[in-house]
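Visitor: Given next are the chains, with one letter for each unit.
2 protein chains.
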Amino acid sequence: MVTARELFKVIPDTAPDLPGNAATPEKVALGKMLFFDPRLAASHAISCSSCHNLGLGGTDNEETSIGHRWQRGGRNAPTVLNAVFNTAQFWDGRAADLEAQAGGPMVNPVEMASPEVHVPEQLRGIPGYRDAFARAFPGEADPVTLANAQKAIAVFEAGLLTPDAPFDRYLKGDAAALSAEQKAGLSVFIDKGCIRCHNGINIGGAMYAKFGVFASPGATLLPPGDKGRYTVTRTDGDQYSFKVPTLRNITLTAPYFHTGTVWDLREAVAVMGDAQLGSKLSEPEIDTLTAFMGSLTGKQPEVTMPILPPSVATTPRPKP
Amino acid sequence: MVTARELFKVIPDTAPDLPGNAATPEKVALGKMLFFDPRLAASHAISCSSCHNLGLGGTDNEETSIGHRWQRGGRNAPTVLNAVFNTAQFWDGRAADLEAQAGGPMVNPVEMASPEVHVPEQLRGIPGYRDAFARAFPGEADPVTLANAQKAIAVFEAGLLTPDAPFDRYLKGDAAALSAEQKAGLSVFIDKGCIRCHNGINIGGAMYAKFGVFASPGATLLPPGDKGRYTVTRTDGDQYSFKVPTLRNITLTAPYFHTGTVWDLREAVAVMGDAQLGSKLSEPEIDTLTAFMGSLTGKQPEVTMPILPPSVATTPRPKP
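Protein chains in written order, with this note's numbering: chain G, 1 to 320; chain D, 1 to 320.
Just chain G, with the same shape it has in the complex:
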């Protein structure tokens, strides 16, 4: 029988290294400022943290996020917590890593809506950022770039981990870390085949899967207009395929699925049974699976709000 320790891995206490993007204290500090700075948005009113609220499981608990001029994003905002361990970023995996992801929302017209050339202009217009970029990227002639902002944000985000969930303590050998019901749920999770997609360190995040393998979840959960991974690869087999979301901290990150249309975790579990397993889960199975998922919530990162470098009279002003 396959065991939990073969299928999953514990979340570490410290950030993994990012290839080609060494984390220095100066770069992490810069990334933290940028993560919280609403001046990266055209309006100066939306920051990374608006939709990836570290007080709310790294999400905004909205079906889809509210962006520039109250426009709605196309898909539910995934959590930033432990996101460094995902195989790629966004529901369709269109960004290879956190660094690539960070460039998306800033310039997306329905999110932060800063034109690409404007981001470095804005940052250069804030004297404290000129210094902070110079310290984070020493030796570069022109360190205040969008690419460097993405690097700095990525190293900050790589440290947004939630170690020490009951399930992690269980994986480390503390059999008492899970309740009897949670252990029963883990057995169902393994035996029913949830683990085919939800495995690895993030219990998800490692692969793509067609939504509706056995039965379509319906147009509310799977609107025909959003073909998921296919929009990136243009490969027929990827139609309606999405990145399998992490189940870590899932009790904090409602609503669920790429549409964000299911608010109740029990209901989401039932949908998964029907659509992905072709198996009508019994009420007791749904109960134990949901209880097991409660064991996946880890210690949330404690982050001190950064004091942001002040704007000056010549700093570019918010756009209406």
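To be clear, the hints were calculated from the coordinates, so they are not data collected in a lab. Computed from a predicted model, the values in this text were never measured in an experiment. Keep in mind that the hints are not guaranteed to be accurate.
Identical chains share a label here; the pair holds if one copy fits it or two copies do between them.
Heads up, simulated DSBU-like pairs for lysine-lysine below, C-alpha to C-alpha not over 35 Å straight-line [what the hints assert, rightly or not]: (1) Lys9 / Lys210; (2) Lys319 / Lys9; (3) Lys172 / Lys319; (4) Lys9 / Lys183.
Position chain D relative to chain G; hints supplied.
Guide: For chain D alone, coordinates are given in the frame of chain G:
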């Protein structure tokens, strides 16, 4: 000659007591959660901290704030920092204190837009808040009320102080805390009569003054439709009167005036000379006054982001 020590007072390190609203650790912790919780807004997307960003001098650095469905507020958002020392809250003083103020934006349809009855409904729908209110207001049969939310927010905000500005060190006797130019600016500030309105612990915040005593600042800075304090008192003498804003942390809180239409502190100083002193300030006077104002920026509060009590399946959901 009047001295700075007679006119001003230093910012203390710790929060003052609020009459009838004792600060307990539980109440401060609850107030901090509420301050950062966007679920107090109908949209679940706007919190107190959206417009009173502790990384940006307790303001949003917007002319007027962006509220529910991207509506604009009527006046520039004042800083929450040291606001406990203001004689009243809002530009028109319509709230007597922080506790009264905190109730305003939550229910204001252009700001957070939560109907008054909805706030406690929302909070009761989040189990962690039921516990947190019970701990903060022990012995109350029904502690989850809008009034108690306001009390908790007020005790948290009362601790948002910025002690140890160079000017405070100067007031305490450290003559070297101000530069020669800043000292010259302080002399101009006293001699020209800025101190008639900008005095006391907040160097402002203690009284109301008609905007345009000597000359109207024009319709951009003083739109005829906003009669200021008059809208509260209906007393003719209060027409176009506004609460004198604090000058503490003024380098962080652009744009200026109740309209937020002046982004350059030097320009704001010049406007004050013309409109309030009836004295065209010279360029050197503007320079030294602006330098003096730079000495009013204190140590910004270090705040750890609160982990918010999670929503559950039955928690009221955001309104579209």
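Visitor: Now tell me if each hint is right for this structure.
Guide: Okay, the hints, checked on the actual structure:
For the identical chains of this complex, Lys9 and Lys210 are intra-copy neighbours only, at 24 Å inside a copy versus 66 Å across copies, given an alpha-carbon limit of 35 Å. Taking the shortest alpha-carbon separations for Lys319 and Lys9, neither the intra-copy value of 45 Å nor the inter-copy value of 38 Å comes in at or below 35 Å. In this homomeric assembly, Lys172 and Lys319 never come within 35 Å of each other (Cα to Cα): the closest approach is 51 Å inside a single copy and 42 Å across copies. With identical chains, the CA atoms of Lys9 and Lys183 are at most 35 Å apart within one copy only, with a shortest distance of 17 Å there and 62 Å across copies.
When the structure is compared with the earlier hints, violations turn up for hints 2, 3 and for no others.
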